[in-house]
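> Top to bottom, those sequences are chains A and B.
Heads up, the numbering used here is the position in the first sequence plus 20, with the first residue counted as 1.
Heads up, the numbering used here is the position in the second sequence plus 20, with the first residue counted as 1.
Don't read these hints as lab results, they were simulated from the structure.
Among the hints, a few may not be true.
Copies of one chain are not kept apart here, so a pair can be met inside one copy or by any two copies together.
Calculated cross-link-like contacts (lysine-lysine; reagent style BS3-like; alpha-carbon spacing at most 30 Å) [what the hints assert, rightly or not]:
| # | residue 1 | residue 2 |
| --- | --- | --- |
| 1 | Lys60 | Lys228 |
| 2 | Lys228 | Lys143 |
| 3 | Lys182 | Lys228 |
| 4 | Lys143 | Lys125 |
| 5 | Lys125 | Lys60 |
| 6 | Lys125 | Lys23 |
| 7 | Lys228 | Lys125 |
The model shown is predicted, which means the values in this text are computed figures rather than measured ones.
2 protein chains.
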Amino acid sequence: MSKSYKISIIGAGNLSWHLAPALEAAGHLVKEIYSRDISKATTITSRLYHAVPKDDLDFSASESNVFILSISDNSIKEVAGQLQLPKNVFVAHTSGTTDIDTLEKFENTAVLYPLQTFSKSRKIAFTQVPICLEAGNEVSRQVFEQIAQSISRDIRYLDSEKRKGLHLAAVFACNFTNHLLGIASHILQCEDLPSNILHAIISETINKAMETNPFDVQTGPAVRDDRNTIAAHLHMLADIPEFGAIYRAISESIQEYSSDQKNED
Amino acid sequence: MSKSYKISIIGAGNLSWHLAPALEAAGHLVKEIYSRDISKATTITSRLYHAVPKDDLDFSASESNVFILSISDNSIKEVAGQLQLPKNVFVAHTSGTTDIDTLEKFENTAVLYPLQTFSKSRKIAFTQVPICLEAGNEVSRQVFEQIAQSISRDIRYLDSEKRKGLHLAAVFACNFTNHLLGIASHILQCEDLPSNILHAIISETINKAMETNPFDVQTGPAVRDDRNTIAAHLHMLADIPEFGAIYRAISESIQEYSSDQKNED
Chain A
21 MSKSYKISII GAGNLSWHLA PALEAAGHLV KEIYSRDISK ATTITSRLYH AVPKDDLDFS
81 ASESNVFILS ISDNSIKEVA GQLQLPKNVF VAHTSGTTDI DTLEKFENTA VLYPLQTFSK
141 SRKIAFTQVP ICLEAGNEVS RQVFEQIAQS ISRDIRYLDS EKRKGLHLAA VFACNFTNHL
201 LGIASHILQC EDLPSNILHA IISETINKAM ETNPFDVQTG PAVRDDRNTI AAHLHMLADI
261 PEFGAIYRAI SESIQEYSSD QKNED
Chain B
21 MSKSYKISII GAGNLSWHLA PALEAAGHLV KEIYSRDISK ATTITSRLYH AVPKDDLDFS
81 ASESNVFILS ISDNSIKEVA GQLQLPKNVF VAHTSGTTDI DTLEKFENTA VLYPLQTFSK
141 SRKIAFTQVP ICLEAGNEVS RQVFEQIAQS ISRDIRYLDS EKRKGLHLAA VFACNFTNHL
201 LGIASHILQC EDLPSNILHA IISETINKAM ETNPFDVQTG PAVRDDRNTI AAHLHMLADI
261 PEFGAIYRAI SESIQEYSSD QKNED
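Chain A on its own, in the form it takes in the complex:
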């Protein structure tokens, strides 16, 4: 059994919801969950063995030796500023896009960025979530490496610059892809078609893209420079200018980056 830590988690969002039980399952003691809204903290402590909810940031009397900030990117600086911790503890945030220096008022810092999208309603196998690690000093690296390895089998060391690049890539591959699937669903609804009609082609598209360079297997009207179809599609989108703007921007980018390829559908 690996080393066990006493851990407090600052934040009660979807990541905390999954992370806290995973830490307990790995043998750590989750002592406290903080949220400005104590009822949100309670929804998580109620899933745990000994943790108590907290709604103030004064942890100076805490027994924990590890503190994990699992809050939205744009709150980290402010919360870190107000957070009061015992001496000689270890502090990490979990943001893909936030520099480790945002925690610079603390002595032993790290970033522990789990590269997954978390929803309360969906079970996640934490052992398969890639955890991207960065540490401010060697002893922090050892502590958070032990913690990361206790919950996941996929640990990667990335500095803040590389992690920001990775986060940007994930925004395109996941956040933006989700929106495109939403647009597709919206169009199907307008035509009174069931959204499952697209499931087979979506799965095949994604599986194919993950096995190769997606630019090399691009299909569709843009890469064929099929102007009649592109014009017809833009006409169909005339009432929804946001979708038309996306159609134009992606089609132009496809023609720039995949135009050597003339794959047939």
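Please build the complex by placing chain B on the supplied structure of chain A, with the hints as guidance.
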């Protein structure tokens, strides 16, 4: 065993590559494969039992009673104009975006649109490919329904208008999604990161989106209105204006269509 037809396929692209053997496996006789480039036709006939390659569009002496145009959308009109067929035959095209009327010079017409993305290198289980059917008359409907049912278990009747909507939805969900995954790979390459680091989060994103309305589970900086992160990302993309334009267009659309939701990552 369902009724067997003698079939010729006009076109030797990726769809023909998969469709011709599927038709043979279902008991039909594939007689001819046409391509302007006879060597392309031969790559397909060499996979078949009795089919011969052809590079001219005069099929007036053909023994086939069914002709399937499996060519790029913008060639259908021209090829249909030049195509010479025996009397009393059945003709379909396979395009999602082309009106059935494009075949109006023929008497018995249909559209047989297989909703899948085809590559020669990837095996497709044709029985699970949704086939969207439209027919110009009742006898054509019966013939192509028999053919469709012989190769797939998922047949849907859609008129040209609905099929065009479906095709547009597929462009967003598949062609455009593939390009976003290509951008993500490109960014990872620039950071010297392996593309498989994103596979777990991509799979979870897609699975989640297919189980719900994607607009309701949107995550990321745009839906959180996290302006610092958005500005940082646009700064990182400053050298690649096409990707920056996509980032802006999708972020604005997310804020319009998912801004009521403040999901946490």
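> Each of the hints needs a verdict: does it hold here or not?
Status of each hint after checking the structure:
In this assembly of identical chains, the alpha carbons of Lys60 and Lys228 lie at most 30 Å apart only when taken from different copies (23 Å versus 40 Å within one copy). In the homo-oligomer, the alpha carbons of Lys228 and Lys143 lie at most 30 Å apart both inside one protomer (25 Å) and across protomers (11 Å), since each shortest distance falls under that limit. Within a single copy, Lys182 and Lys228 get their C-alpha atoms as close as 26 Å, and across copies as close as 27 Å, so both meet the 30 Å cut-off. In this assembly of identical chains, Lys143 and Lys125 lie within 30 Å of each other by CA distance neither inside one copy nor across copies; the values are 35 Å within and 56 Å between.
For the homomeric pair Lys125 and Lys60, the shortest alpha-carbon distance inside one copy (27 Å) is at most 30 Å, but the shortest distance between copies (67 Å) is not. For the identical chains of this complex, Lys125 and Lys23 are intra-copy neighbours only, at 26 Å inside a copy versus 78 Å across copies, given an alpha-carbon limit of 30 Å. In the homo-oligomer, the alpha carbons of Lys228 and Lys125 never lie at most 30 Å apart, since the shortest distance is 46 Å inside one protomer and 38 Å across protomers.
Comparing the model with each earlier hint shows violations of hints 4 and 7; every other hint is respected.
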